[in-house]
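*Asks:* Sequence:
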Amino acid sequence: MSELTNIISSLEVKFAKLVQRLNKLEAENKQLKDRLEQANEEIEYNEKQLDDIYKKYESLQLANSLLGSEENKRDMKLKINSLIREIDQCIAYLTK
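For the sequence shown, UniProt numbering assigns the number 96 to the last residue and increments by one with no breaks.
I should point out that these hints are in silico values taken from the structure, not numbers from a laboratory. Where is the CB? At the ideal position from N, CA and C, for every residue including glycine. Hints may be right or wrong, so weigh each one.
What follows is a set of in silico ranges between Cβ atoms, one per label pair, in the way DEER data are often shown [as the list claims (entries may be wrong)]:
id	residue 1	residue 2	range
1	Y57	A27	38 to 46 Å
2	Q89	L62	18 to 26 Å
3	K30	L62	45 to 53 Å
Please take these sequences and the hints and turn them into a complete structure.
*Replies:* What follows is the structure, given as structure tokens:
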């Protein structure tokens with residue numbers, strides 16, 4: 001009978017350790033999920049900033065072209081021609 005008691009005690013100890021380990025792993029999992037969510041939010045924020053910076057860069061290039069910068073004149077002419085084609089397409093759709 002004492003052997004059975006020893007086995008039960010051993011199982012109780014092992015079960016308690018497993019429960020303790022489970023709680024620790026659940027807490028760690030929650031912490032990792034929080035860190036992942038925070039990292040995803042930071043990535044989103046950085047992507048928005050990058051988009052804003054890229055738009056500002058394009059605007060500056062356009063402004064630079066309008067001011068007569070020789071290196072951007074060709075790009076400006078291509079952009080204007082592209083816009084004119086789009087306007088022509090819109091007019092064609094409206095006349096149909």
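*Asks:* So, for every hint listed, does it hold in this structure?
*Replies:* Hint-by-hint comparison with the structure:
1. Y57 / A27: 38 to 46 Å: 45 Å, holds
2. Q89 / L62: 18 to 26 Å: 21 Å, holds
3. K30 / L62: 45 to 53 Å: 48 Å, holds
Comparing the model with each earlier hint shows no violations; every hint is respected.
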